[in-house]
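First to last, the protein sequences are chains G, S, H and Y. Following the numbering used here, the numbering of the first sequence begins with 2 at its first residue and continues without gaps. Following the numbering used here, the numbering of the second sequence begins with 80 at its first residue and continues without gaps. Following the numbering used here, the numbering of the third sequence begins with 647 at its first residue and continues without gaps. Following the numbering used here, the numbering of the fourth sequence begins with 1246 at its first residue and continues without gaps.
Keep in mind the hints are simulated off the structure, nothing from the lab. There may be inaccurate statements among the hints.
Covered, in the sense of this in silico footprint (three residues per stretch, anywhere, with C-beta under 8 angstroms from a C-beta of chain H), are these stretches of chain Y [what the hints assert, rightly or not]:
| id | region |
| --- | --- |
| 1 | 1408-1414 |
| 2 | 1420-1428 |
| 3 | 1453-1461 |
| 4 | 1513-1524 |
Listed next, the in silico DSSO-like pairs over lysine-lysine satisfying Cα-Cα at most 30 angstroms (straight line) [unchecked claim]:
| id | chain 1 | residue 1 | chain 2 | residue 2 |
| --- | --- | --- | --- | --- |
| 5 | G | Lys43 | Y | Lys1551 |
| 6 | Y | Lys1581 | H | Lys907 |
| 7 | H | Lys867 | H | Lys653 |
As the structure is a computational prediction, the values presented were derived from the model and not from experiment. Ideal Cβ positions, reconstructed from N, Cα and C, are used throughout, including at glycine.
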Amino acid sequence: MPVVHMASIVPISQSVGANRIIPTVAIPYPLGNPTLSPAEEKKLRRGLVEKALKALGADVTEQTVF
Amino acid sequence: MVFVLFSNNPLMRVLRFPGWELGLTPVSSLDVLLAGRNRVHAGWQLLHHPLYGNYRPHQQPYRSLLLQNSTASTIQANTQATTQQAQVNLTSLHLVEEALGIYQTAPVLLPHQAPHSFLRDCATIDLELMRLPLAQAGWAELGLEGGIPPFLPDTLLPCTGGNCEA
Amino acid sequence: MKLELHKAPVRSLRFGPQTTLENDVLVINQQELQALLLEDPRLAAVTVDLAHPGESIRIMPVKDAVEPRCKLSGGNEVFPGFIGGVETVGQGATFVLEGATVLTTGRLVAPQEGIVDMSGPGAAYTPFSSTCNIVLGLTPREDVTLHEAEATCRMVGLKAAHYLACRCKAAKAARVEHYAFPPLAEAMAAHPGLPKVAYIYMLQSQGLLHDTWVYGVDAKKTLPTLISPTEIMDGAVISGNCVSACDKNNTYVHQNNPIIKALYARHGKEINFVGVILTNENVTLADKQRSSSYAVKLASMLGVTAAVISEEGFGNPDADLVLNCVKAESAGIKTVLVTDEYAGANGASQSLADSCPEGTAVVTAGNANATIVLPPMAKVLGDPAQADVIAGGFFGSLRADGSMEVELQAILGATNELGFNKIGAYTI
Amino acid sequence: MAYRVIHYINQFFGGVGGEEMADHKPEVRVGQAGPAMALHAALKGEAEVVATIVCGDNYCVANQKEVAALVATTVKKYKADALVAGPAFNAGRYGMACGTVCAAIGEACGIPTVTAMFPENPGVELYKAGTYIIPAADSARGMGQAIPAMAALLLKLLRKEALQSPEAEGYIERGVRVNMFYEKPGAERAVDMLLLKLAGKPFTTEYKMPVFDRVTPRPGITNMAGATIALVTSGGIVPKGNPDHIAASSARSYGEYDIAGVNDLTDTTYQTAHGGYDQTFANQDADRVLPVDVLRDLEREKKIGKLHHLFYSTVGNGTAVASAKKWGEEIGQKLKEANVQAVILTST
């Protein structure tokens, strides 16, 4: 089954061998941003997750950063 | 450029660091490292290596860390990231995480566990090994004109870090 | 550059009315040596003791080890910038009291280890249990700063080593070793078909008690540079590194760098050894980046296809080692790294503070955290009070019967990262 | 004089009973019982099994310290020179018991310990650094092979013979670095290695730097609206209170948590166990690490089939690569069995 790695530090994700990579926001809050309002923050998170679903739907032949 | 100096070395509190943010509190060396790590995660960059060249964490109770926050610096940006992404300096991140790994290999030496003469020497060595990074950040040895200041050890504050043992 | 090493063997030491070499016995005028060293106003007291292989003697804490050498010809004097002037060394002839070592001891800081046992199980781990040692006990004056105290002790060791060699240089050498280092143009054209090889020689340079000096210059203030191996033999590189006894490169191992020796042994046969690149191990990340790039650039300018890279110390220098390795390999230079390990007393922790997939060829000088029990000795030279610090558990523990359980880290030269010893490690 | 050996076995091999007797308290039998008889024979008089300890697996795993103390007392009472445990084959709790007893006795009594188990037994990863583990088959059919191998290694350890590499001696690599004296100084070994590397010939590094595996990418999901998606994280998100005590660093385990009916992670229900980053933000809202809220929305909007009702969590910080790899395989297997089609793995 395909796996998408949502990771704050892309080079680390690459070095550990992830094939589908979504860069995320920051280490302590990869899928959020405490400086945003809750609604904006959820929108940001949704955007990232939708990107992850797109990555899961895509065929890749090598390590790919979406 | 903005600097922050974290240190549990009592000698650092005698000195003056004009315009810098300071976190000079009597905590464990591990707490200093954790404070630095959190800044690295928030996009700051280390100006020097977080480990000593010869002492291990159970041999030196003091640690100082100097970091810089500068968007104009040579941060290796994660260009594909979302615009909100904090730009993490990969070298700093790698080094601070590896250093924390070393801190896990033996119990961390806390200042109150060592004799006074030992502490004074350790504080002096920490200051000496910080001279170059401090100087490169523009520090002009304020307060050091009369030599190394008198050493007054202090009581350790409770440990706040996630993986420290009191 | 051509250098002859005139080696006169020393099999024993004794005090006598005149410092001289008699039938392989180094006779030392104790008062004369003491008086010479006390000319330094920063010293309050100096003791001179002798220690031979096999004796029940423990020496601690040792600061530096120096082989007695002086120039016979070639201009200038050994230890340029300290004993000699700052002019070039590494040519002509140099006299060597082979088998004798000056060991400087004295408390600079706590904690400070550096044990040499002349017999017993600990003796197997230090190169200096098999040399005849002139042990200097140094007490700097109380009003001398730590910087000055370190500089004094460093200078005194060099002075004593030079004095001993000078007084004996009329003696006939048992053997003369010849070393040549041709001009670059010649070196490049020589031995066509053989791979060009360099040695990237890392020097600890982080601050007080963690420094190395090149021609009298603090190595942290230098860019990586080319040097002839013969200059190293004349003491161009001096140790000011006083902690982590097992893997600090004391002056003796610089003078007798075994990697240079091993490269020379294959030179002209399997490799063309074209250069030594000195580089530093600084604390700041900018310096680490700059020095590693510059050192590898020098290797590339020499057109080498391979390099041996040796480390000094552990912890933050592991980052320099990895940077040098990654940059060299990506420049097409095949590397072999020489390091030691801090894998914990049980050997199960990660050995190095940094690593890289490019580091496929590593020689290790052993796990410095492995422990050993050192039995009590009849005599302790140096500052026995240091045993209290050792007893405090920082480097080991003192037992009720006077024996000490210490990590190899406390033993001088035990895991030397120039590959001086036969010790290594493997995974079980 | 023959070396004296104590053999630790479980209730099943001790003839007490099966799973129903797994709470059996430890008992010491003089001489050999069960597999100890075969071991005794394989030691061929050079060593003898002087006592056999029989203990229920559940009892041992639940009372590790107490059982270890009893074994230590027995070792002293019988003046034993070594301890053997198992073979545990692929029995998870028996493997844990053998591992914990061997590691504890090796440390407390300083005597050699040997056990045997199937290489994928969870006891291997946890205890290989603390003892010698002979790879065994996954069931008791492998007894005949395991016992002589255990005996041979044990005798070498008792004779204090220098061990060769794990491959040569036939035990699972412990990942423990041991000093040795080579024939040549390090400098000469370095130049020898350089010549081999230059010539493109095989050479053996004296220290292997850690490296990571690669996997072939799997094909993409064609029907996302019908797919079951699972969440996995190395960011340490756990139910409030960290019920499985996932460690803040150097994790020894991963957690499996049911989020059926959970639409949003809040500061009163979820937190992070991770010590490797500033926990403030994840503790305020764990969706910042594990996006359950958004996936529930997407589930409701039929953008995905459904969100798998279990999520898996551990802490990446300082965790051994070998452990992480093993857990990854286990989690992968569970997700496969649960018919999950795709995984979102989040990392901090």
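Results for each hint:
no.: 1; hint: 1408-1414; verdict: holds (count 3)
no.: 2; hint: 1420-1428; verdict: holds (count 9)
no.: 3; hint: 1453-1461; verdict: holds (count 4)
no.: 4; hint: 1513-1524; verdict: violated (count 0)
no.: 5; hint: Lys43/G x Lys1551/Y; verdict: holds (19 angstroms)
no.: 6; hint: Lys1581/Y x Lys907/H; verdict: violated (59 angstroms)
no.: 7; hint: Lys867/H x Lys653/H; verdict: violated (34 angstroms)
Consistency note: the structure conflicts with the earlier hints numbered 4, 6, 7.
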